[in-house]
Amino acid sequence: VILSEQSSLVDVAFAACTVLARAGETAVLCGGSAAAYYVPDLYQSLDIDFVVEVGAAPHVVDRALATIGYARVAEGHYRHATLPFTLAFPIGPLAIGREYVTAWRTDRRGDLLLHVYTPTDVVRDRFLHYWAWGDRTALDVALAVARARPGEVDLDAFRAWTERERTADHSYDTSRIGRFLTLLSGG
Amino acid sequence: VRRDDLRPAVFGTATRDRVLVRLALSENGLHVRELARQVDTSANAVHRVVIALERAGIVVSRPVGTTRIVLLNRRWYGAVELRALLERLAHAYPEVVEQARTFRERPRRIGKPM
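Protein chains in written order, with the working numbering: chain A, 1 to 187; chain B, 1001 to 1114.
None of these hints come from the bench; they were simulated from the model. Careful: at least some of the hints might be erroneous.
To give an idea of the interface, some chain B residues facing chain A are shown, with a C-beta separation under 7 Å as derived from the structure [unchecked claim]: (1) Ala1056; (2) Gly1057; (3) Arg1074; (4) Arg1075; (5) Tyr1077; (6) Val1080.
Glycine included, each C-beta is placed from N, C-alpha and C at the ideal position.
Please work from the sequences and hints to get the whole structure.
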C-alpha cells in the first residue's frame, strides 16, 4: 500500500484500513470523515476517524500505520510527514448515542478495503451532533448524506432510533427531528 | 487519615469522582479553572483528568474565547447511566454538591446586586 503527496482522504482511509486489516485489526471509518467519504464534494475533513475493535494493541496499530508513513504523535493520533490528514482513533466501542454499531459496510478498491459506517449510520451520527449540541454544520452534513444517498438511508430506522434515544433521555429536543425531516423533504 | 482516604474513588481517584460529580451537577459545563476551584484541586490536576475523560468519550470540551468549557458528553453510549450513578455518588462528596448549589450558572446582569 503506497501513498503519495496527491493522496486524498479516501486514499488514506483505504490504505489505513487495509494495513490494519492485514495486521488483524478491524477499524471502521466513522464521524465526519465517514460523511466526507459519501459526499466528498460537499464536505471535507482533515481528520480521519477510525474506531478499532476493542482490545487492539497500540503497538500493532503503530507498526501497521508506520508502513504507510504514519507515526503516533499523541495517544490515538497519527500524522504523516507530508500529507495533511490526521488519523484519529477515538476509544471504542463503536456507538451512536446509546446504541452500539455492530454492522458496517465494506467497500473494496482492488486489493484494498475500507470498513465504513453505512449511510444511515452517518446520518444518525451527524444528526446526533446537531441534536445534542445544536451543531448546524452537522445538520447540513446529515442532510447532504441523506440527499446524496436516498436509496441507502433508511428513514424508518432513523425515526425508530430517535424514539429510542428520546425514551432514554427525555431532555432531547424533539423539534430538531422535525426540522431535519422537514428540511430533508424540501420544506 | 487524609480527607480522601475515606472516599469511594469509584472512578480511580477522588479527584476524578469530584470532577465527574461536579459536571453532573452542571447544566452548561464549566471552565477548567472554575471546575478546579470548585473541586478544590489544582487546575493542572483537573486538566489531566479532563484529558483522560475526554479521550474515553465521557466528557467533551468546547472552546469559548481563550478557554474551554467542559461538560459531560450526552452523546456517550453510557451517558444516562453515568449521570444516574453520579447523582448517587454525589452523596459521598457533599462539599462538591454545596459548591454547585451556591454557584450561579445562569447569566447575571452586570451591576445587579448580589
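Verification of the hints:
Annotation: Ala1056(B) was flagged as interfacial toward chain A, and the flag holds, the nearest CB pair being 5 Å apart, inside 7 Å. With a cut of 7 Å, the hint placing Gly1057(B) at the interface with chain A holds, because the nearest CB-to-CB distance is about 6 Å. Checking Arg1074(B) against chain A: minimum C-beta separation of about 5 Å stays under 7 Å; hint holds. A least Cβ separation of about 5 Å between Arg1075(B) and chain A falls short of the 7 Å threshold, and the interface hint therefore holds.
With its C-beta approaching chain A no nearer than about 4 Å, Tyr1077(B) sits inside the 7 Å limit, and its interface hint holds. Interface restraint check: Val1080(B) against chain A, minimum CB-CB distance 5 Å, threshold 7 Å, status holds.
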